[in-house]
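2 protein chains.
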Amino acid sequence: MSDEESIKTRLKLRAVAVDTYRENVAYMHRECSVYRAEGFQALAKIRVGCNGKQIEAVLNVVDDICIVGPDELGLSEQAFQRFAEPAGQPVNVAQAEPPLSMDGVRRKIGGERLDYGDYQAITSDIAKGRYSKMEMAAFLVATGQNGLDRDEVLSLTRAMLETGVRLNWNEPLVADKHCIGGIPGNRTSLLVVPIVAAHGMLIPKTSSRAITSPAGTADTMEVLARTDLAPESLDRLVRMERGCLAWGGTTRLAPVDDMLISVERPLGIDSQGQMVASILSKKLAAGATHLLLDIPVGPTAKVRQMRDAMSLRKLFEYVGDRVGLHLEAVITDGSQPIGRGIGPVLEVRDVMQVLENDPQAPVDLREKSLRLAGRIIEFDPDVRGGFGYSIARDILESGRALAKMQRIIDAQGRQELQLEPGRLCFDVLADRTGMVVAIDNFFLAQTARLAGAPISRGAGVDLLHKLGDMVEEGQPLYRVYAEFPANFEFAHEFTRVRSGYRIGDAQSLRRLHTEF
Amino acid sequence: MSDEESIKTRLKLRAVAVDTYRENVAYMHRECSVYRAEGFQALAKIRVGCNGKQIEAVLNVVDDICIVGPDELGLSEQAFQRFAEPAGQPVNVAQAEPPLSMDGVRRKIGGERLDYGDYQAITSDIAKGRYSKMEMAAFLVATGQNGLDRDEVLSLTRAMLETGVRLNWNEPLVADKHCIGGIPGNRTSLLVVPIVAAHGMLIPKTSSRAITSPAGTADTMEVLARTDLAPESLDRLVRMERGCLAWGGTTRLAPVDDMLISVERPLGIDSQGQMVASILSKKLAAGATHLLLDIPVGPTAKVRQMRDAMSLRKLFEYVGDRVGLHLEAVITDGSQPIGRGIGPVLEVRDVMQVLENDPQAPVDLREKSLRLAGRIIEFDPDVRGGFGYSIARDILESGRALAKMQRIIDAQGRQELQLEPGRLCFDVLADRTGMVVAIDNFFLAQTARLAGAPISRGAGVDLLHKLGDMVEEGQPLYRVYAEFPANFEFAHEFTRVRSGYRIGDAQSLRRLHTEF
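Going down the list, the protein sequences come from chains F and C.
For the first sequence, my numbering assigns the number 766 to the last residue and increments by one with no breaks.
For the second sequence, my numbering assigns the number 766 to the last residue and increments by one with no breaks.
Just chain F, with the same shape it has in the complex (with noise of 0.2 Å):
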């Protein structure tokens, strides 16, 4: 059916000043003769036409003409502007068929493989926005559940790749790193590329914000600079230094990442297929060649079993081998968080005592981005193998990483934001004397996450001890920073039975870490 058979009375456009965010939503009333006519149900999804565009949005039906009245059709503030037509104008209005691609979503739930025509499909009527929110969650569950095949990942990573803009840099070697994550306090990337770009090599590394921890890469350097750059201004500072630490979001490279992570993270699911599509699509939109790939282990990782780490890692070379990508994946050390700060403004302060050589710097995050850095500084043909490690170190001891560092924030647009944690604050306490065996990397993210990280930025966890550490009774274990009293309530609370450390002797400690 055509659009001109589906046009119907005309309306008047109006903007309504409500803030729906990624939902569109669209503004009837009760008494227009267009909603009477076409007995449309409330939460329908209509579509709104002019001028050849079209917008689709959930209809809400108002009872009120200080909203819209009856000659009118209302938009919600976004959708207004996506729309990008002026309040007055005549739009037509027809009830939108699901997208058609939800077939597929339906064949994956039975059980079905979905080729890649599936997949382009699907994620081509998303990246128009004509996926509600709950058939992006039909979407997920159902590709997330027992997985999908490697070629499905294939196809997937594929499909995505498509739908958003891809840059291209125009040099042989593009580098970008990735962690995996479940890690707290990792902040490796915020190391790693200036010390790389610092060796000239280039590294316009893009990131997202927190899915499920109590930072990413973009929301802890945001307490630094600016992350949302337009494409033009990144593109320009990454000639000129050789990096970036930027929120890929903005840059509209994988906008049906975006747009799925926008449901994984409510729901908080995660599934291996959909992470390894999401993450290489991403990394070749962004011009990548030549990717590092980070897959921690331990206990309480994202991944727990060595096993199930090489599965990953075969998963990614599968796919990255495939759609052309120069792929090194190391597995590390996941048994506890990197560093002591586990949050925005905790993890800055970490990074930036790194970055000035202070005697106080967590030792495990410089070594870990020191061994990053030098596998990717081993990307470029002129370093010799095993020669990357030293080339990184004499970067970072040199204070070449950072003044590189404080170019890029410059570049990116200083933050002028303050660098405390939160005001409010409690220790939690050992409960028993004897060696710090564990640290249950899921627990800290979480007392972080209730303590108000990200959104919060000074708000998350500094350990004052780690692996390996001999404590007494009652002695602080780490401190819980908070900015507004409702979260600090809830850390405090949820702290209060457990610690997340488990305190015993010195064997069980030996025996967890044979495999690193």
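By construction, these hints were calculated from the structure, which means they are not laboratory data.
Treat each hint with caution, since some may be false.
The calculated lysine-lysine pairs, modelled on DSSO-like cross-linking and capped at a C-alpha distance of 30 Å, are [to be verified]:
(1) C/Lys383 - F/Lys378
(2) F/Lys383 - C/Lys303
(3) F/Lys378 - F/Lys303
(4) C/Lys303 - C/Lys378
(5) F/Lys383 - C/Lys378
(6) C/Lys383 - F/Lys383
(7) F/Lys303 - C/Lys383
Label pairs and their in silico Cβ distance ranges [unchecked claim]:
(8) C/Ala334 - F/Gln339: 53 to 61 Å
(9) F/Ile315 - C/Ala334: 19 to 27 Å
(10) C/Lys262 - F/Arg332: 30 to 38 Å
(11) C/Cys675 - F/Gly367: 31 to 39 Å
(12) C/Phe676 - F/Gly367: 30 to 38 Å
(13) C/Asn607 - F/Gly397: 56 to 64 Å
(14) C/Glu421 - F/Ser283: 33 to 41 Å
(15) C/Asp313 - F/Glu412: 32 to 40 Å
(16) C/Asp313 - F/Arg664: 26 to 34 Å
Simulated coverage check for chain F against chain C, where a stretch passes if three residues somewhere in it have a Cβ under 8 Å from a Cβ of chain C [as the list claims (entries may be wrong)]:
(17) 270-283
(18) 416-426
(19) 447-457
(20) 584-592
For every residue, glycine included, the Cβ atom is placed at its ideal position computed from N, Cα and C.
Given chain F's structure and the hints, the job is docking chain C onto it.
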């Protein structure tokens, strides 16, 4: 954390005249101090409380004081009604925590079996309105994909049964019937109920509205009578007439099922385990002790293979036995629509023709209804096995079924609606001469839906030929009725290339029909 601790600055409650249907929406002004202090995100779920009551709602941020002012908290119409506090009442607002039972949903996504406690926690949170549509979609897909095992179906059935009111008729035999659906025009309930009730057996039938079909029993009955009966009136009329044909939604029997259906419908998903749990929990809640299930099988029915029908029957029997329901399942011919009309008004015409013993009455609808009614009558310990059919036929032929139906209609509240099909119509013609050898249930249901059924009651399809009929090229196969031009166009366009009929030779029909 107690409610006291989460209390925030109080806002004044206000109704916002926006109809958001099943979704509670809260409106806060962008300049509201609570919004600013708490760092709420748009579309976040918040919890509004006062006087020990709580309601959760999705936050929309408003930039117009005509909608809500900075010291107000707006609730959409239904949310305001549900909360049932006066405008101006001071309310507290806090971030809503995601429902704890989502942990079970995530474990199900990960491939785990869930136990009774998990399902109980999930259905209880859904019943309290704590699941967003996105979270319900995740639950439906997670439990739909690859099915639930039979003990999980049993757990889910019991858990759903617990969330609503359960009727108790205080009689040893309370009959019910249910068809799993998928066959357009299959309105046997409107015949079975008056026949069985005229026999004197209690049959308080509650039905759902159409999910993916062009009419549910409730949609069709609504042409004749009100179906939205309060529990008290339902009770009174059932005791008087021995039967009813009510909509299950307003009886508060299985609120969770209704909420899940409101998500299944737009997603178009439907799984065996969910179907069994949904049907059996609803029938038990309605107080049934004896249930006859109709499982139609055919190439375009919901169940396509005899072996699938058998396994579905076993699943019904397994769960039915363990929840104390006397259950019989009959597998019926689902190779074509039943009767002639598809859509509320057209189906009512067929039903009334059968009740009135009109010689024009569709034979298949009459025979199937007598067969089902006969089986239910045989639940009566005083009826000899094999005599049910002839008792049912006597009741129908004597006019006692019609008289009973008229009394039920009057008791429920006779509708003064017009019984005419829509004024816009067109015929779909045979593209060759031969015998009708296949009719696509799904295609005809979709045609009727595009024509406007069930919301547009006079819309639908009227079959002029059925399987086995000889037709000439150019002869009409069926007539499509619509009430609105847009629907007419949709249905016309849909049937332009295909008719949903296959015309061939007599042999191919005979092959299809060996099973019944």
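Requested in this report: Just pull the numbers of the violated hints for me, sorted ascending.
Outcome: Those not satisfied are hints 8, 14, 18, 19 and 20.
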